[in-house]
Amino acid sequence: MTEIYLRLVDLILTPIIMLIAIMLFLRGHDLPGGGFIAGLVFAAAIELTILARGAEATRERYGPWLAPLIGLGLSLAVTAGLIGIYGGGFFRGMWLEFYVGGGKLKLGTPQLFDLGVMLVVIGMAITYLLRLSEAAEAATRTPTAREGGQS
Amino acid sequence: MPVLALSLVSLFVAAPVFWLLKPHRSTAFAWLAALLPAIITLWQVLQLPAIASGAVLTERFQWAPTLGLELALRLDGLAVFFGLVVTGIGAFIAFYTAYYFEHDERQGLFYLLLYAFMGSMLGLVWSDDLLTLFVFWEGTSITSYLLIAFKSDYKGAVDGARRALIVTTAGGLAMLAGMIVLGLHVGSFNISTILATPGIATAAVTPVALALIFLGAFTKSAQFPFQFWLPGAMAAPTPASAYLHSATMVKAGVFLLARLHPAFSELPMWFWTLFLVGGVTMVLGGVSSIRYTDMKALLAYATVAILGTLVMLLAFSEKYAYEAFVVIVAAHALYKAPLFLSAGIIDHAYGTRDLRKLAGLARRVPLVMVTMVLAAVSMAGAPPMLGFLAKELMLENFYQLYEHGEWLVGGASFVAAALAALFMAGAILTLLWEAFFRRQPDEEAAHLHHAPSFWFVAPALLLTVLGAVGALFTGWYENLLFAPAIAAISGEAAIVGFKLWHGWTPVFITSLVILALGVGVLLARGLFRRAFAGVPARVSSLAVYDALIDLIYRFAFRLTTLIQGSPMAPQLSVTLLAGVAVMAYALFFTNAETSVVLDSLEIPSVTEWVFFALAIFGALTTVHARSRLSAIIAIGVVGVTVTLFFVVFGAPDLALTQLLIEVLTVILLVLVFFRVRPDPQFGRDRRTPLRVFMALAMGFFGFAVVMINHLSQVGESISPYFIENSLPFGKGANVVNVILVDFRGYDTMGEITVLGVAALGGYALLRSPQLHALRQRINAVRSSRTPASEQKVVEAGHD
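First to last, the protein sequences are chains A and B.
Heads up, the first sequence stops at 150 in numbering that gives the first Met the number 0, and the numbers go up one at a time, no gaps.
Heads up, the second sequence stops at 798 in numbering that gives the first Met the number 0, and the numbers go up one at a time, no gaps.
Incorrect hints may have been included.
Said to hold, decoys possible - With beta-carbon atoms standing in for the labels, derived distance ranges:
1. A:R6 to B:S626: 25 to 33 Å
2. A:I21 to B:A612: 36 to 44 Å
3. A:R6 to B:H102: 39 to 47 Å
4. A:R6 to B:L19: 32 to 40 Å
5. B:Q563 to A:Y4: 38 to 46 Å
6. B:M567 to A:G86: 15 to 23 Å
7. B:V134 to A:G86: 17 to 25 Å
8. B:A612 to A:M22: 44 to 52 Å
9. B:I722 to A:M22: 38 to 46 Å
10. B:Y745 to A:I21: 20 to 28 Å
11. B:S452 to A:I21: 43 to 51 Å
12. A:G86 to B:L561: 32 to 40 Å
Claimed, not checked - Output of the computed footprint for chain B on chain A, the stretches with three or more beta carbons under 8 Å from beta carbons of chain B:
13. 35-45
14. 108-116
Since the hints were made in silico from the structure, they are not lab data.
The beta carbon of each residue, even a glycine, is placed where N, CA and C say it ideally should be.
Please take these sequences and the hints and turn them into a complete structure.
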C-alpha cells in the first residue's frame, strides 16, 4: 500500500485538502460548508494518507490526537452552550463583532459550537477508518487472520 | 458580581489549566494548587458575619427559560458551612497532592479530576435548585469514579470505582425521579420555594418523593445496605480517599437530608427511616472497623459509622442533635482527613499500609506519629479535641431523650452510639499501637524507602492542630459558623454555647468508660479479628450486589446471543422489517384527515429524467453484481446520483455532505470487505421470496411516506421563519449552517454526542483480537448450549 505515486499525491494533496477543509469551516456560516462538511473533508485528507502510507504510519502521526479530539470537540460544543447561559439561556447565541480595516469580523458561540462539531466528526471518522485499515492490513499480511471477521 | 458562579467557573477552568501546566515538574506547584481553594475559603469566611446576621446571597441564571429551568445558587448558613469544609479541606488536599505524586507524570491529570470534583461538590452544596443540585450531584459521581479508578492498571481500583459509580448513580436516578415528583407538585424546583411551601410535608406525593430521594442520599452516603461500595473506593490514590471520605462525596447525601430537614422532619416516615438506617449503619461500621489491618479500610469503616451517626442525628428535631450534627461534620473533616493523609504518607514511605507489616514507626517518622496521635485522640473522642465535643453532644442528645420520656428510643440509641464509639476508639488505638509503638510486627517488617519531607506532612499536621485549637476556642466562632448552619437545618434561629467541660455528668462518665473499654478492645483485638474472620463472605451486601450484577451480565449475554448471534443478513432483515412495519403503520393508521395535495407535482425536467435513469441503473447493477466490489461501486453510483439531485435543487450543503459521506462509505466498505472471506456464492442465494418482499416493501413504503410527507400540509411551514431570521438572529447567511449550529443546536449537540459514543464503541469493538474472541464465544455458546460452558463465558465476560 505504499506506492510511490500515491505517496507523492499524498504529499501534495493532503495539505491542500486540509486547507480546503479549514476554508470550508471558516466560511461555513455564510456560504456552503460548515463544521460537519469540513470534518468530513479533513477525514478524507487523512484517509489519503492512510491509503498512501499505511495505517500504522498514519496512526503514529495522528493517533495520539484522536481520542482527545472527540472529547475536546464535545467539550467545546458544551462550552459554547454554557456561555449562552450568560446571555440568557443554554445555547443562546453570543456574538462579538470587530471591524478590521474595512471588513467586519464576527466571532460567536455558534462558530465555537461548529468547531466542536468538526472535531468530533474528524475524530469519529478517523477512528473508524484507522481501525478498519489496520484490520485490513493485518488480514492481507496474515492469511489466517481472515477467518476472524466472518459475518 | 456573581461571586458564587465565578468561584465554580474558576475551579472548572483551573482544572484543565493545571493539567496543561505539567505540575509534576516542581513541588512548588503545591502552593499554586492550594491557592484557588484557599481564596474561595477565605471569601466564604468573610461572608460569615453577614450570614450569621441573617443575610443570604442568591444568584440565579436562566438555563432554558422556555422549560423553566434555571441554575440557582444560594449561600446560607448550611451552604457556607459545607462549602467551607469542601474548599478548606480541598486546599490542604491540593497541597498534599503535589508531594504524594512527586515527579509522577500523572499528577496533572489528578489535579484536573480533583478540581473538577471540587467544583461539582461546591456547586452541590451551594445549589438552590433541585435540578442544579442533581447536575452537580452526578458531577461528583462521575469525577469520583475517575478519581477512584485513577490507578487504572490495578483491577481492584477499576472494580471499586465501577461499583461506586453503579451504586451512586442508580441512587441518583431514583433521587431525580423523587425530585421531579416533588418539583411538579410544588410547581417549582427552587429548594427555598419547596421548603417554604405550606403543607408540603402532608402532601399525597411526599412519601413517594421522599422515599426516592432517600435512596439517592443513602447510596451516596454509604448507608446500610449500600455501604459496601465505600471500602472498595479505598483503591483510590490517598489524596482522593482523604478528600472523598472525610469532607465531600459521602457527605453529599447527609447534606441533602440536612437541606430537606426543615420541611419534612416532623413526619414519622422521616424519623423512623433515618433513625433505623442511620443507627444500623453506625453500629455496623463502628464494629467492623476493628476487623481490618489495612489502615485505609479501617478508616473507611469508621467513616461509614460516622455517616450513620449523622443520618441518625438528622432523624431528630432536638437542639442537641443539631449541635452534635454540625460539630461532628467539622470534627470528622478535621481528624479523618489527616488520618487518611498520614496513612498515605506511610504507604509512600514504606510501600505498604498493612498493619501486619508495620511496627515501631514512632522513632522513624516522628512527625507523622504526632499527627496521627493528635487526630486519633479526636477520633476516639478524648478531650480536648473537637471529636470529644462532638461525641459529648451526641450522647447528651440521646441521654436527654431518655430522661424526657422517650426512654426506648433514647436508651437504644445511647447504647448503640456508645457501642460504635467504643469500637472506633478501639480500632484507632489498635492502629496507633501496631503501627507506631509495638516492637515486633506480625509479619515480615516493611522498610523505610525514603523519609517523608516536612511539607509532605505539614498539611495533615496543620489540620489536626486546627481541630485541637477549634475545640479549645469554640467561643470565638461558634455563633458565626455553627449557629447559622443549625438555623438552616432546624428552620429557626439558633444560638449556641459549647463547653468542653460539663462537670461529672452521666455523659462524661460514659465517655470515660468508652475510652477505658477502648483500651480493652485494643488488648483483645486478636479475638475480634478472629471472630470476624469466621463470618462467611456470603453474608454481606457486597455478595448480593455481585450476584445481581452477575445476573445482569448473564441476561445481556443471552439476549445478545439471541438477537445478534446470527449472521448479518437475518439481523438486518429484522431491522428492515421493523422499519417497514412502522412506515406501514404511519401510512395506514394515523392522521386520517391529512389531505394530500397533488397540485404541487411537476413534470420532471430532462436532466432529472437522466438522473432517474442513472439511479435506477445503479440500483439494478447492484442487484445483479457478481462480486462484492462491483456491488459496492454500483451502490456508490446511486449515492452520487442523489448528490446530483441535491445540486439541481439548490442544496449545496446537502450535496457536499452526501458526496463526502458517499466517498468515505465506499472506502469503509472496501476496507471492511478486506476482512471478510471471499464468498464464491455471492449473488446466488439472494432472491429468496422474503428478501424480494423486503426490498419491494422498503421501496414502496419509503416512497409513499416521503411522498405523503412532502405533499400533505399540516400546519404552516417553518422554513420561512428560518430563512427570515437566519441573518438577523443567527448572524449567518448560510441558513443550513445556522439551523445546525444555532436554531437547532440542541439537536446537533445530541447528534455529535452519538457520534462520539459511536467512535468510542468502534474504537473498542474493532480491536480485532477482541472482536474475534467475542465471535468465537458466541459461536461456542450457539453450538453447544451446555450450562457449564456458558458459565465460563459469562465469567470471561466479567473481566
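Could you tell me whether the CB distance from Q563 of chain B to Y4 of chain A stays inside 38 to 46 Å? 43 Å, holds
Tell me whether the statement that chain B covers the stretch 35-45 of chain A is true, taking a Cβ distance below 8 Å and needing three residues at minimum. holds (count 6)
Distance restraint evaluation - V134 of chain B, G86 of chain A, Cβ atoms, bounds 17 to 25 Å: 19 Å, holds
A range of 36 to 44 Å was offered for this pair. Does it hold for the Cβ distance of I21 of chain A and A612 of chain B? 38 Å Cβ-Cβ, so the 36 to 44 Å window holds.
Starting from the hint 20 to 28 Å, judge whether the C-beta atoms of Y745 of chain B and I21 of chain A obey it. 27 Å, holds
Within 32 to 40 Å or not, the Cβ separation of R6 of chain A and L19 of chain B? 35 Å, holds
39 to 47 Å was suggested as the range; check whether the CB atoms of R6 of chain A and H102 of chain B agree with it. 42 Å, holds
Taking 44 to 52 Å as the stated bounds, is the beta-carbon spacing between A612 of chain B and M22 of chain A within them? 35 Å, violated
Per the hint of 38 to 46 Å, is the separation of the Cβ atoms of I722 of chain B and M22 of chain A within bounds? 25 Å, violated
Range first: 25 to 33 Å. Now tell me if the beta carbons of R6 of chain A and S626 of chain B are that far apart. Between R6 of chain A and S626 of chain B, where Cβ atoms are some 29 Å apart, the hint holds.
Given the hint of 32 to 40 Å, is the C-beta distance from G86 of chain A to L561 of chain B inside that range or not? 50 Å Cβ-Cβ, so the 32 to 40 Å window is violated.
Does the Cβ-Cβ separation between S452 of chain B and I21 of chain A fall within 43 to 51 Å? Given about 50 Å between the Cβ atoms, the range holds.
Of the numbered hints stated above, those contradicted by the structure are hints 6, 8, 9, 12, listed in ascending order.
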